[in-house]
Amino acid sequence: MTKVSFTVNGQAVALSLDTRTTLLDALREHLQLTGSKKGCDHGQCGACTVMVNGRRINSCLSLAVMHEGNEVTTIEGLGSPESMHPMQDAFVRHDGYQCGYCTPGQICSSVAILEEIKAGIPSHVSADLNAQPRVTPEEIRERMSGNICRCGAYSNIVDAITEVAGRQA
Amino acid sequence: MKFDTPATTNPIDQMQVVGHPLNRIDGPLKTTGRAPYAYERHDAVPNQAYGYVIGAAIAKGRITAMDLSAARAAPGVLAIVTAENAGPLGKGNYNVAKLLGGPEVEHYHQAIAIVVAATFEQARAAAYLVKVDYAESQGAFDLAGAKAAGLGPSQATPDARVGDFAHAFAAAPVQLDATYTTPDQSHSMMEPHASLAAWDGDRVVVWTSNQMIDWSTGDLARTLNMPKEKVRLISPFIGGGFGGKLWLRTDAVLAALGARAARRPVKVALTRPLIPNNTTRRAATIQRIRIGATQDGKISAIGHESWSGNLLGGHPENAVEQTRLLYAGANRLTGTRLAQLDLTEGNSMRAPGEAPGLMALEIAMDEMAEKLGMDPVEFRAINDTQVDPSNPDRPFSRRQLVECLRLGAERFGWVGRSARPGTRREGQWLVGMGMASGFRNNVVMRSGARVRLDGQGVVTVETDMTDIGTGSYTIIAQTAAEMMGVAMDKVVVRLGDSAFPASAGSGGQWGGNSSTAGVYAACVKLRETVAQKIGLNSADAVFEDGQVRTGNRQVSLAEAAGESGLVAEDTIEFGDLAKRFQESTFAGHFVEVGVDAATGEVRVRRMLAVCAAGRILNPKTARSQVIGAMTMGVGGALVEELALDKRRGFFVNHDLAGYEVPVHADIPHQEVIFLDEVDEMSSPMKAKGVGELGLCGVAAAVANAIYNATGVRVRDYPITLDKYLDRLPEVA
Ligand code: FES
Ligand code: FES
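First to last, the protein sequences are chains A and B. Numbering of the first sequence is given in this note's numbering, commencing with residue 54 and proceeding in unit increments. Numbering of the second sequence is given in this note's numbering, commencing with residue 1255 and proceeding in unit increments.
Extracted from the complex, chain A is given alone in its bound form (with noise of 0.2 Å):
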């Protein structure tokens, strides 16, 4: 057992921690914050997207113990039913999910890639590397496809993405 400490969505957290926990059963099953989902636990769908210090990444590919004194922001962190984040609100108005199991992964990737392209972070569909990106269908798709949807909401998930970028600009 280890003992780790960090903030999740603010609140700062002391655990101790069988050293093979990943970050994201750190969350499901220690902290009791489900809303980060278990697609595969191989970095192979998205499912469990958080933002560390601001970036996003698959929590399922992380050990909990490499997270001492880092910001943890999860899907309960960017908003609640009563008070949602704009763009849970996009995703509900757009249905941009169905079964809503890839969803918070896909809303915190939402958010992040938003942030990214802000940053003037390229993408493999960047046509110039030095050039500010754009928040463009094509820029949302390529940053967004490490978000499996297997129910096919991808469509709708543009949309909503699209609007909420558009609010923002």
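Treat the hints loosely; a few may be bogus.
Claimed, not checked - Each pair of labels, with its calculated beta carbon distance range:
| # | chain 1 | residue 1 | chain 2 | residue 2 | range |
| --- | --- | --- | --- | --- | --- |
| 1 | A | P139 | B | D1413 | 30 to 40 Å |
| 2 | A | P139 | B | Q1682 | 37 to 47 Å |
| 3 | B | A1852 | A | H83 | 48 to 58 Å |
To be verified - As a list, the in silico EDC-like pairs of lysine to aspartate or glutamate whose alpha-carbon atoms are at most 20 Å apart:
| # | chain 1 | residue 1 | chain 2 | residue 2 |
| --- | --- | --- | --- | --- |
| 4 | B | K1874 | A | E168 |
| 5 | B | K1874 | A | D212 |
| 6 | B | K1484 | B | D1456 |
| 7 | B | K1874 | A | D142 |
Derived by calculation from the structure, the hints in this document are not laboratory data. Ideal Cβ placement from N, Cα and C applies to all residues, glycine included.
The hints should help you fit chain B with the ligands onto chain A, whose structure is shown.
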């Protein structure tokens, strides 16, 4: 309520709430991570332990020895259950292979043990300490080999014949005789099969992820040799099913057995790499299609035979179903041939039968249209039939296939398609369009519900119906709101609990229509109860704005219900309308692709589906069902295939990295149009299924678009580079 005569005017026709594109009522929970799925029920019972399932490492044979000593001694281990120590187990009505195997092994990754420990990490580590010795025996894994050995129809499923197919086909001036193959596929729903089981004396409660609560409650009871009344299943949120969770599976059985052995609640999720070989699959098919037509394009003979394989006791993949009904033609032959294969059970995956059947049939129709020099839309339209071709006295209840095709062609700009393949070039891209008919039968199933009205005027619906992403919560709330004349925020819907009345469940695209019809029936009873309570004649009582009134008398529902509230329960049961009429749903699918002239990479550029599926109860959630299905169709066309190791008898690419499904970058903006339609034969809701229709035909439309773009015909799904790269036109 018995539904045995066509629906007449009823309160649903007001369409004050039903038929509106409302947001899902479960949306805020799902998008904020507050909807609890089976593995996440920390709230349900304290002291939960973790189970880890071990799958067999051979496809066929016997376990000769299992050494559990090291695992038992590992830190945190509470119990290990195997077939040897589990006690006598029965088998579910809906299961083919045993859900806990041993000593006999029936297929690769069949569960053979569960290790229960205090933590997940401990259970997983201990599972790898279990030593298993096997005596492997020779299994059968080769469908093509079985076909080549002359596999014919079985007595259980004889060929269906109309007229004289062989003679008519031989005499037809234009003929097609082609063979197509579709691969094994895996549902790959995002939430793994998962269950939490807790015993209370001789009763067990299982929080699980299951599409069919009543079937699976019965099958868990059968497996554990206990009365059904002592088993309770709870499944309010399901992270996708697509047919893979229609059945009781090993997660539920082993959670229950593990909890019994460990004497505390146990939760189990199948690990992703276990799922493709442990759970059910869509079975691969080999399909031979023969079509004969006159010079002017009238089909005179149509034949469709399909080979598939399954474990002993399993069923064939019924890929010929749509061919009995989709097109006219006086002489017909359809039949399935079933090989015995020692692979995990083949069973329903979204639109079983029609999905793989149309992958083949709708390429064949495209090939035939080309032979005839006809437009593919026109060829389908002139072979339309408004009656069951095998029984002309049996009309379709409502069939608007031609309307779907014509409207789709118009909206998609089909006139812009070049009839000559490989002739449209845009920069690096060869561009082509393809289309296909979509067809899926409408099935109706008895479905029950209980409806309560309380002293605040709130209507609560309880039914064991499930919402697998289909939107059941929302359309059930819409139905109750419409029937009781209340706003949506006055309706509470509680689903997925075997303590509630048994419903149709979610499968075969029957859930939406059947379950809302059950809620309709219960609401009709509740309206009568309300009217009776306040002394009104229920026949002319109007339920509106939270009030019930006749003439100038008006009482609020809250007041009518009073302190103690009112409750009504009923079940919709279906008579023989579905026998007298053929109830089916129809679509036209249109796809445009670009194929990179040099690399052969396929990009889907545009997609349109036009659907005729009865009344659309909620156009927003129905559209989502269709775009999701279209996405799965693109997967079927281009990437999805369980790769079989024919030597060892298992699917090699058994995770989400190896089994590819479409991702964001693969899917363009998708368009869906619903034709205005009601079907009085289907139910009082006048609705039909739509969730599977959206898949049926899509893959063939993609295949036909690739042909139109390149002039290369691939009859072997998925259409991957290795099958056509060497045949692409010379790069100019
Ligand atoms: S659960 Fe982490 S990527 Fe799938
Ligand atoms: S909503 Fe079901 S997997 Fe995305």
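Evaluation of the provided hints:
no. : hint                           : result
1   : A/P139 <-> B/D1413: 30 to 40 Å : 59 Å, violated
2   : A/P139 <-> B/Q1682: 37 to 47 Å : 38 Å, holds
3   : B/A1852 <-> A/H83: 48 to 58 Å  : 52 Å, holds
4   : B/K1874 <-> A/E168             : 29 Å, violated
5   : B/K1874 <-> A/D212             : 14 Å, holds
6   : B/K1484 <-> B/D1456            : 7 Å, holds
7   : B/K1874 <-> A/D142             : 15 Å, holds
Going through the hint list in order, the structure does not satisfy hints 1 and 4.
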